[in-house]
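Student: Going line by line, the protein sequences match chains A and B.
Following the working numbering, the numbering of the first sequence begins with 1 at its first residue and continues without gaps.
Following the working numbering, the numbering of the second sequence begins with 725 at its first residue and continues without gaps.
Hints should not be assumed to be uniformly reliable.
As the list claims (entries may be wrong) - Calculated lysine-lysine pairs in the DSSO-like style (CA-CA distance at most 30 Å, straight line):
1. K749(B) x K722(A)
2. K290(A) x K345(A)
3. K532(A) x K628(A)
4. K602(A) x K564(A)
5. K528(A) x K734(B)
6. K571(A) x K825(B)
7. K665(A) x K564(A)
8. K496(A) x K825(B)
9. K825(B) x K569(A)
10. K709(A) x K664(A)
11. K399(A) x K379(A)
12. K749(B) x K531(A)
13. K825(B) x K779(B)
14. K549(A) x K749(B)
15. K825(B) x K564(A)
16. K586(A) x K734(B)
17. K496(A) x K734(B)
18. K825(B) x K670(A)
19. K827(B) x K490(A)
Unchecked claim - DEER-style ranges, computed between Cβ atoms:
20. E797(B) x K571(A): 31 to 39 Å
21. K644(A) x E797(B): 31 to 39 Å
22. R491(A) x N804(B): 24 to 32 Å
Source of the hints: derived by calculation from the structure; they are not laboratory data.
By construction, the Cβ of each residue, glycine as well, lies at the ideal position given by its N, Cα and C atoms.
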Amino acid sequence: MNTYLISLIPLISALFVFALGIIVFFRKKVTTLNLIFFFITIAVGNWLFGTFKMFRSTAGESAIFWDRFIYGSVVFIPALFYHFGVVFTQKIREKLQRSCVVLGYLLSIFFLILSRTDYFVSGLFRYKWGVHTKARLFHHVFLIYFSIYLILFIINLYRYYKKSAGPIKKNQSYYIFLAFFILILIGPLGYLPAYEIPILPFPFLSGLFFVTILAYAITRYRLFDIRVVVRRGTVYGLSLGVAGGLGVLLVWLVSRYLGEKITGLLLLVDSVAILLSISVFFPIKSFFEKLANKYLFASLYDTRRKIEELTQALPKIFYLDDIVNLIYKTINETLHIERFGVIVKEPGEENLIVLKKKPDSLVISPFKESLFYFLKKLKQTILLQEIEIILLSPEEKEKLKKILSKSKISMVLYLVSKGEIYGMILLGEKASGDAFTVQDIRLLENLALQASISIENGLLFRKTQRFAEELKIKVAQATKDLRAANAELKRLDQAKSEFLRIVSHQLRTPMTILRWYAKALLRGDYGKLNKKQLEVANDIYQATLRQIKLIGSFLDVAHIEAGKITVRKEKGNIEELVNDVVSELKVLAEKMGIYLKVEKPKKEVPEFYFDYEKTREVLRNIVDNAIKYIEKGGATVGFKYDEKKKEVLVYVKDTGIGFSPEEKKKLFMKFSRLRNNKVNPWGSGLGLYICKRLIEVQGGKIWAESPGKGKGSTFYFTLPVKDN
Amino acid sequence: MAQELEEKIKKAKVLVIEDDEMLVKFLKDELQEAGISSVETAVYGKEALEKIKKKKPDLILLDLILPRMDGFEFLEIIRNNEKTKDIPIIIMTNLTHGEDKRKAFQLGVDDYLVKSECDPEEIIERVVRVLRKHLN
Chain A
1 MNTYLISLIP
11 LISALFVFAL
21 GIIVFFRKKV
31 TTLNLIFFFI
41 TIAVGNWLFG
51 TFKMFRSTAG
61 ESAIFWDRFI
71 YGSVVFIPAL
81 FYHFGVVFTQ
91 KIREKLQRSC
101 VVLGYLLSIF
111 FLILSRTDYF
121 VSGLFRYKWG
131 VHTKARLFHH
141 VFLIYFSIYL
151 ILFIINLYRY
161 YKKSAGPIKK
171 NQSYYIFLAF
181 FILILIGPLG
191 YLPAYEIPIL
201 PFPFLSGLFF
211 VTILAYAITR
221 YRLFDIRVVV
231 RRGTVYGLSL
241 GVAGGLGVLL
251 VWLVSRYLGE
261 KITGLLLLVD
271 SVAILLSISV
281 FFPIKSFFEK
291 LANKYLFASL
301 YDTRRKIEEL
311 TQALPKIFYL
321 DDIVNLIYKT
331 INETLHIERF
341 GVIVKEPGEE
351 NLIVLKKKPD
361 SLVISPFKES
371 LFYFLKKLKQ
381 TILLQEIEII
391 LLSPEEKEKL
401 KKILSKSKIS
411 MVLYLVSKGE
421 IYGMILLGEK
431 ASGDAFTVQD
441 IRLLENLALQ
451 ASISIENGLL
461 FRKTQRFAEE
471 LKIKVAQATK
481 DLRAANAELK
491 RLDQAKSEFL
501 RIVSHQLRTP
511 MTILRWYAKA
521 LLRGDYGKLN
531 KKQLEVANDI
541 YQATLRQIKL
551 IGSFLDVAHI
561 EAGKITVRKE
571 KGNIEELVND
581 VVSELKVLAE
591 KMGIYLKVEK
601 PKKEVPEFYF
611 DYEKTREVLR
621 NIVDNAIKYI
631 EKGGATVGFK
641 YDEKKKEVLV
651 YVKDTGIGFS
661 PEEKKKLFMK
671 FSRLRNNKVN
681 PWGSGLGLYI
691 CKRLIEVQGG
701 KIWAESPGKG
711 KGSTFYFTLP
721 VKDN
Chain B
725 MAQELEEKIK
735 KAKVLVIEDD
745 EMLVKFLKDE
755 LQEAGISSVE
765 TAVYGKEALE
775 KIKKKKPDLI
785 LLDLILPRMD
795 GFEFLEIIRN
805 NEKTKDIPII
815 IMTNLTHGED
825 KRKAFQLGVD
835 DYLVKSECDP
845 EEIIERVVRV
855 LRKHLN
């Protein structure tokens with residue numbers, strides 16, 4: 001077998017691995033994970049490089065040396081891997097885990113020292129393809145340690161993979177698991193030659209696969225954060241310089257005192273120095289980091305603090321504009337993001353509205369629906385920098401990419417309420433041009449959660465405000481309308497009054513003239529009249545009186561119908577009223593040969609509030625009617641006070657023509673007249689109707705009873721007695 | 725028929741404010757028949773005020789419905805003026821509404837007649853009564 005050519009494979013692989021390690025290291029920002037990975041690549045690279053050297057070595061001594069060299073890196077693999085696993089699965093906070101990691105490193109160092117001895121490996125096995133050291137006692141122990149840690153590591157990884165939610169995390173953990181699994185499955189086969197098992201040394205290829213898979217995952221799945229190389233580079237540069245410097249110093253010192261005795265020893269010391277530097281690197285880095293954070297990376301802490309301030313201030317603000325502006329201000333000041341947008345769906349509405357956009361030229365309206373659709377579909381933050389790993393069909397992915405690049409949006413955070421996404425916060429890229437780190441994203445997502453609540457409240461508040469405003473306007477309008485209607489009503493009312501006045505005046509004026517002239521004529525003002533002339537003059541005069549009365553009735557009804565009756569209640573004496581009416585009509589009654597008398601009650605009727613004028617007219621009308629419908633006999637007017645019902649009753653009993661039950665129904669209706677022999681030429685048929693209205697408007701009741709036709713009748717009305 | 729009136733009453737100056745020509749003619753005749761010779765007439769409130777300014781009447785017969793200036797308006801002006809507030813006024817109208825009557829009395833009138841419900845002699849009777857009361 002041409003070992004020379006075969007040996008090139010590990011060399012190239014080693015170079016490849018180292019290169020990848022460096023690229024990853026400097027491409028993304030350095031976090032703990034980054035760093036561990038870097039050392040993993042160093043360890044794996046060393047393994048590969050050592051393998052190459054081992055293939056090349058012809059002398060047994062150098063073979064052994066290079067084998068030991070390989071082991072020098074390999075002893076750190078369990079610890080490194082385990083550490084990587086713990087950080088990746090986010091269990092670094094757990095005390096147990098941390099202790100295991102520390103223990104791992106301690107054991108690594110222990111075995112590192114041991115690997116220099118013959119208790120670890122010694123002697124050589126010779127195989128067709130080359131040589132391999134023989135495994136000794138501590139090698140076996142080492143393998144136990146190796147196995148335990150790697151098994152725990154892979155279990156951790158597997159669990160994490162199973163547990164992880166979200167497409168990104170799932171992808172990440174899948175690839176990592178895959179990479180390590182392959183490595184762990186195949187890699188340890190490389191130990192077999194140490195136990196006299198003559199397998200070809202292919203296991204080193206797993207290292208290559210491993211690193212390739214990981215590198216892919218790293219670059220594609222946001223495993224290791226991107227940070228400004230320049231800034232972090234300072235820290236690492238310093239740390240590397242110091243750690244490396246220490247290593248070089250050690251070498252120099254050793255070479256100084258030990259001289260250039262054995263080149264092999266020197267090489268060993270080189271390796272040790274390298275490994276030592278690397279071990280020392282951690283604490284030095286922490287030191288510099290703390291220093292740098294204080295003076296150079298204050299902004300990182302500022303960001304956290306500012307965002308914390310924001311989340312504290314948000315619940316206290318109600319106005320939507322203020323909320324959104326504050327969010328923008330905070331994000332702008334901390335992460336230096338210039339492009340910003342907030343788009344929401346208002347509660348109960350269908351449309352998406354843009355609450356704010358900076359700058360004003362930000363074009364998002366044509367895309368907002370699509371973007372919202374994607375956001376709702378994915379149910380997580382959309383990052384342009386991770387667009388490739390988003391779980392969408394290729395067409396949809398393209399569409400989303402287009403939207404984001406057209407509007408120059410780098411991140412879309414969702415706003416959620418009661419489990420439903422109702423809006424989004426759009427962010428452009430950071431002014432520095434850097435991608436978003438895991439911390440940035442976590443902070444922003446947290447902020448978005450807080451904002452979700454605040455913005456929702458703001459929207460509701462605004463809705464309420466708007467509703468109140470609308471209500472105010474509506475009420476003002478309604479009041480205006482009401483006022484207008486009122487004014488119109490008043491106007492109509494006044495028009496009615498005017499009309500009645502005019503009609504009153506216009507109808508009565510000619511009647512007045514007729515009456516006066518008729519009377520004057522009758523008086524003989526224009527010469528003595530003969531018998532016939534007197535008769536005629538009298539008829540004319542009487543006719544005018546009838547007409548005047550008729551007009552009066554019609555106008556009264558017109559007033560009543562127009563609602564122009566005003567009741568004026570004054571304290572009065574009903575007895576007085578009754579006597580007044582009776583005395584007025586007594587003459588007429590006597591002339592007609594019938595009696596008209598008053599029946600006083602046993603108990604005195606107290607004074608009470610009623611409309612004297614209207615009541616007088618009513619009583620007069622009834623008595624007048626009674627007189628007209630009596631042939632013989634007379635009418636009696638009576639009154640009394642009902643204490644229980646709190647009303648005053650007035651009645652007019654007559655011995656007149658009475659009425660039948662059918663006639664009774666129509667008595668108080670308009671234009672009803674009783675048929676009798678003596679047709680009343682004076683009647684308008686409105687008298688009783690007017691009486692009814694005049695009584696009812698005072699809150700009283702009016703009715704009539706009759707035993708039958710020809711048997712007389714009694715008319716009653718009541719007036720309420722109130723305590724005011 | 726004219727009654728025997730006191731000289732004072734006969735010499736009284738009466739102002740009739742009424743827009744119907746026929747009524748005015750009749751009233752003037754009637755008053756003069758009764759012995760009151762000085763009868764002035766006016767159709768408009770403004771016209772009446774001017775006549776009052778020139779010659780203060782002893783009695784005003786006022787209709788409530790007048791063209792241009794309303795009767796009530798005229799009444800208010802008369803009653804608010806120092807010089808004219810004590811001139812006796814008899815309202816002669818065809819408004820029967822209680823409210824109108826009340827309003828007139830509130831403004832200070834001496835009597836309220838509904839034209840169509842009075843005969844001419846009644847009018848003279850009331851005029852004399854008021855004049856008698858006022859001139860004594």
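Student: Is K709(A) close enough to K664(A), meaning Cα to Cα at most 30 Å?
Tutor: holds (10 Å)
Student: Given the hinted pair K496(A) and K734(B), is their alpha-carbon gap at most 30 Å?
Tutor: Measuring from Cα to Cα gives roughly 43 Å; hence the hint is violated.
Student: Taken at face value, is the distance from the CA of K722(A) to the CA of K749(B) at most 30 Å?
Tutor: violated (51 Å)
Student: Below or equal to 30 Å on CA atoms is what counts here, so check K827(B) against K490(A).
Tutor: Distance of about 20 Å is within 30 Å: holds.
Student: K586(A) and K734(B): Cα distance at most 30 Å?
Tutor: violated (37 Å)
Student: Within 30 Å, alpha carbon to alpha carbon, are K571(A) and K825(B)?
Tutor: holds (19 Å)
Student: Holds or violated: are the alpha carbons of K399(A) and K379(A) at most 30 Å from each other?
Tutor: It holds: about 17 Å lies between the C-alpha atoms, which stays within 30 Å.
Student: Take a quick look at whether K825(B) and K564(A) sit within 30 Å of each other, Cα to Cα.
Tutor: Judged against 30 Å, a Cα distance of about 15 Å means the pair holds.
Student: Regarding K644(A) and E797(B), is the given constraint of 31 to 39 Å on their beta-carbon distance met?
Tutor: violated (51 Å)
Student: Are the Cα atoms of K549(A) and K749(B) separated by 30 Å or less?
Tutor: holds (25 Å)
Student: Starting from K825(B), check that the Cα of K569(A) is at most 30 Å away, please.
Tutor: Holds: K825(B) and K569(A) sit about 16 Å apart, inside 30 Å.
Student: Between the alpha carbons of K290(A) and K345(A), is the straight-line distance 30 Å or under?
Tutor: Violated - the C-alpha atoms of K345(A) and K290(A) are around 44 Å apart, more than 30 Å.
The structure does not agree with the numbered hints 1, 2, 4, 16, 17, 21 stated previously, though it agrees with the rest.
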